[in-house]
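Chemist: Heads up: the protein sequence lines correspond to chains A and X, in order. Counting from 1, one number per residue, gives the positions in the first sequence under our numbering. Counting from 1, one number per residue, gives the positions in the second sequence under our numbering.
Note that these hints are calculated values from the structure, not bench results. No residue lacks a Cβ here, since even glycine has one placed at the ideal position from N, Cα and C.
Now the in silico label distances, taken between C-beta atoms and shown as ranges: (1) A:Pro69 / X:Leu120: 21 to 31 Å; (2) A:Met120 / X:Ser113: 39 to 49 Å; (3) X:Asp68 / A:Leu63: 46 to 56 Å; (4) A:Gly64 / X:Gln78: 41 to 51 Å; (5) A:Pro51 / X:Arg135: 45 to 55 Å.
Covered stretches of chain X, as calculated for chain A (at least 3 residues, CB under 8 Å): (6) 32-39; (7) 83-95; (8) 125-135.
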Amino acid sequence: MRQICAICLPANIPFLKYNWKNQSWNLFFAAGLLIGGLIGGVALQPVEPMPLSAATIESLNALGIAKQPGILPVEIFSWANLLTWQHLLIVVGGGFLVGFGTRYAGGCTSGHGIAGLSTMQWPSLVAVILFFASGIFTANFILPLLLNK
Amino acid sequence: MKKRNLLFFLIGILFGTTLMKADAVSWFRMQEMFRFQGFQMFGIFMTAIPTAALGIFILKKMKIKSLDGEPIHIMKKQFNWGYVYGSILFGVGWGLTGACPGPIYVQIGSGVSIAIVTLLSALAGTWVYSYLKPRLPH
Numbered sequence: 001m002r003q004i005c006a007i008c009l010p011a012n013i014p015f016l017k018y019n020w021k022n023q024s025w026n027l028f029f030a031a032g033l034l035i036g037g038l039i040g041g042v043a044l045q046p047v048e049p050m051p052l053s054a055a056t057i058e059s060l061n062a063l064g065i066a067k068q069p070g071i072l073p074v075e076i077f078s079w080a081n082l083l084t085w086q087h088l089l090i091v092v093g094g095g096f097l098v099g100f101g102t103r104y105a106g107g108c109t110s111g112h113g114i115a116g117l118s119t120m121q122w123p124s125l126v127a128v129i130l131f132f133a134s135g136i137f138t139a140n141f142i143l144p145l146l147l148n149k
Numbered sequence: 001m002k003k004r005n006l007l008f009f010l011i012g013i014l015f016g017t018t019l020m021k022a023d024a025v026s027w028f029r030m031q032e033m034f035r036f037q038g039f040q041m042f043g044i045f046m047t048a049i050p051t052a053a054l055g056i057f058i059l060k061k062m063k064i065k066s067l068d069g070e071p072i073h074i075m076k077k078q079f080n081w082g083y084v085y086g087s088i089l090f091g092v093g094w095g096l097t098g099a100c101p102g103p104i105y106v107q108i109g110s111g112v113s114i115a116i117v118t119l120l121s122a123l124a125g126t127w128v129y130s131y132l133k134p135r136l137p138h
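For reference, chain X alone in the conformation it holds in the complex:
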C-alpha cells in the first residue's frame, strides 16, 4: 500500500471511531440536535471548528509541506448558487436519514446492514447530479 493510502486509511479509522463514539453518526442524536433539545452535537462542532482552525494556523505558521512536498494552499471557495440549492436539498436528506456521506460508511461498519440502502441511494444521487450538472443552475 502506498504511504499516502495507508495514512488516509489510518485517519479514516480514527475519524470513524471518533464519529461513532461521539454519536455523530446517530440518527437519534441528529433528531435531538434538530430540535434543539441537547447540547452534544453543538458541543462537537464548537470544539471541532476552533481545533481545525488551530491546526491550519499551525500548518501555515510552520510552513508544513504536503505529502508531495508541495506547500499547502487552501483554495478560496468561489460562491455559486449550487451552494444554496444543494445545501437545501442535502438538509432534507440529513434530517430524514440523520447521515452525511462520511457517517454512512461508519453506520455500515458498525453493523447496521440497512445503511447499505442509504449508501446506494446516495451513490445514485451523486451519479444523477453528475449527469445533470451541465443543466442545473449554479
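Isolated chain A, as found in the complex:
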C-alpha cells in the first residue's frame, strides 16, 4: 500500500520518499495474492455457501444479511447497494481505517499477529489484543448500528 502511494503520489512526503524500486518485490507479492484469489475463488470455487455456525447465520440474519455463496455479503458489498451513507461508511470508511490503522500500528494480522507473536515481541501482543478487541466491539456494536438493526 505504502509502495503504491510512493509510486503514484509521493508529494514530497518523507514517509513516501524512499527508493521503492528496491522494494518492488512487495508489488510482485500483491500480484501473487491477486492470482491466488483467482485460483482459490474462481478455479476452485465451491458451489455451496461456506458452512457457517448456526449462531452466526442467525446473528447475520438479524442484521438483514442472508446466508449466501461468496466471501462478501451482497447486501453491503455490491455496486448497486453501495450508495447509501451507511454502506459507504462501511466500505470506504472501513477501508480507509484498514489502510490508516495498519500503517500507524506498523503491521496487521499477519505482521503482528503471526510474525510478531511467533518471534515473541511484546509490542505485537499489545497490537493484537487491541485490534482484536476493537474488531469485536465494531462487529458487535458499530456494525448493527450502521445497519439500523
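We have chain A; now place chain X onto it with these hints.
Modeler: Then chain X, alone, in the frame of chain A:
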C-alpha cells in the same frame, strides 16, 4: 523477472490461494470470529503462529542466509504509541470490512469487483497516514 520478484510472486500465489481456501478473506468468517461463534479462524491462528515460530527456529538453527546472502536478522520491535492508536483504528476497519490489507487483493482477485473500492479507500488511508505522520502522536 528477477529471481527475488519471481519468488515473491509465487509465494503470493500460494498465500492468496491458501487465504481464499481457508476462508480467511471471508467477511462472513470474520463476523463469526468476532462473535466467538466458530473455531475456524482461531484454529488458523493457532496453527499459523507455532508454524511460523518453528520456521524461524529452523532458519536460525541452520543459519540460513537471505537471498542477498546476508544472515537473517529479526529486528526487535520498539514499542511506540502508534501501536496502540493504530491498532484500535485498524480494528474498526477490520470489523466493518472483514479485511486486512493482504486479503483485499485476494478478494479482488477472486472476482469481487467492489473490493476495488476497499482497496482504493485503504490506499487513501495509507496516504493520509503518511501525510500526517509527523503530526501524529507515536
